[in-house]
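A.B. asks: Below, each chain spelled out in residue letters.
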Amino acid sequence: NAGVTQTPKFRVLKTGQSMTLLCAQDMNHEYMYWYRQDPGMGLRLIHYSVGEGTTAKGEVPDGYNVSRLKKQNFLLGLESAAPSQTSVYFCASRDGTFSEQYFGPGTRLTVT
Amino acid sequence: KNQVEQSPQSLIILEGKNCTLQCNYTVSPFSNLRWYKQDTGRGPVSLTIMTFSENTKSNGRYTATLDADTKQSSLHITASQLSDSASYICVVSARTNAGKSTFGDGTTLTVKP
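Those sequence lines, one after another, are chains Z and Y. Sequential numbering from 9 applies to the first sequence in the numbering used here. Sequential numbering from 6 applies to the second sequence in the numbering used here.
Chain Z on its own, in the form it takes in the complex (with noise of 0.2 Å):
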């Protein structure tokens, strides 16, 4: 049972180049979540999904996309990346709408 696992954990883009993380759930959680986490602040909602096929904007979300084709899978992706995107990532997880989040390690985006 691995949990919540993200790809890549570490990238580095130059400004306009595009990117997918990649967020898998091995616990059959219907409702599947991507932050951002920048320094000295709180996690903010970019996306989020409350189940296959369905996704939803969140707090921050101009500059990311995202597809939930699988239960299991959620993508983020940045169509042109710019260095104000620069931040660690966080997927997360959970079964219901009251129960805990399981979080992912995160990824670590550079954008110069």
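These aren't lab readings, by the way, just hints derived from the structure by calculation. Misleading hints may appear alongside valid ones.
The following label-pair restraints were derived from C-beta to C-beta distances [as the list claims (entries may be wrong)]:
1. Z:Asp103 to Y:Phe57: 19 to 25 Å
2. Y:Asn64 to Z:Asn81: 30 to 36 Å
3. Z:Asp103 to Y:Asp72: 27 to 33 Å
4. Z:Phe18 to Y:Gly21: 35 to 41 Å
5. Z:Arg52 to Y:Phe57: 24 to 30 Å
6. Z:Gly48 to Y:Val50: 19 to 25 Å
7. Z:Lys22 to Y:Asn64: 28 to 34 Å
8. Y:His81 to Z:Ala64: 24 to 30 Å
9. Z:Phe18 to Y:Leu87: 25 to 31 Å
10. Y:Thr45 to Z:Glu60: 40 to 46 Å
11. Y:Ser88 to Z:Ser26: 20 to 26 Å
From the three backbone atoms N, C-alpha and C, an ideal C-beta is built for every residue, glycine too.
Chain Z is fixed; fit chain Y onto it per the hints.
C.D. replies: Using the frame of chain Z, we list chain Y on its own:
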């Protein structure tokens, strides 16, 4: 707007000492409050969860309290250890918003020998 404020921003204590971290929130309608521990370079891990009817919850040396009337919570750490050095995050969920939560900025705790 839902908000969660934590204090202090950072704290340094000696190993073996106790400490208390604070969390004030304005999330409404309130569903539950969780305290998470985040080690450097890792994802947050849940320590405690409290609903409206609970006013204290313990997890080993960690004890969380909740006053739903004043919308305040605290996390008390007893007999601190070096491994307690981490960021502690207060997270409050509302009974709406598809399980979205409001995160505090965290308190960075450093335990020194």
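A.B. asks: Next step is simple, just say for each hint if it's right about the structure.
C.D. replies: Quick rundown of the hints versus the structure:
1. Distance hint check for Asp103 (chain Z) and Phe57 (chain Y): the Cβ-Cβ separation is about 20 Å, which falls inside the suggested range of 19 to 25 Å.
2. The supplied range of 30 to 36 Å is met by Asn64 (chain Y) and Asn81 (chain Z), whose beta-carbon atoms lie about 31 Å from each other.
3. Range check, Asp103 (chain Z) to Asp72 (chain Y): about 28 Å between beta-carbon atoms, so the 27 to 33 Å window is met.
4. Against the hinted window of 35 to 41 Å, the Cβ-Cβ separation of Phe18 (chain Z) and Gly21 (chain Y) comes to about 36 Å, which satisfies the hint.
5. The hinted range of 24 to 30 Å is satisfied by Arg52 (chain Z) and Phe57 (chain Y), whose Cβ atoms lie roughly 26 Å apart.
6. In this structure, Gly48 (chain Z) and Val50 (chain Y) meet the distance hint of 19 to 25 Å, their C-beta atoms being roughly 20 Å apart.
7. Hint check: Lys22 (chain Z) to Asn64 (chain Y), Cβ distance near 44 Å, so the stated range 28 to 34 Å is violated.
8. Between His81 (chain Y) and Ala64 (chain Z) the CB atoms are about 36 Å apart, so this pair departs from the stated range of 24 to 30 Å.
9. Roughly 27 Å separates the CB atoms of Phe18 (chain Z) and Leu87 (chain Y), a value that falls within the hinted 25 to 31 Å.
10. Between Thr45 (chain Y) and Glu60 (chain Z), the C-beta spacing of about 34 Å breaks the proposed range 40 to 46 Å.
11. Take Ser88 (chain Y) and Ser26 (chain Z): their Cβ atoms lie about 40 Å apart, and the range 20 to 26 Å is violated.
When the structure is compared with the earlier hints, violations turn up for hints 7, 8, 10, 11 and for no others.
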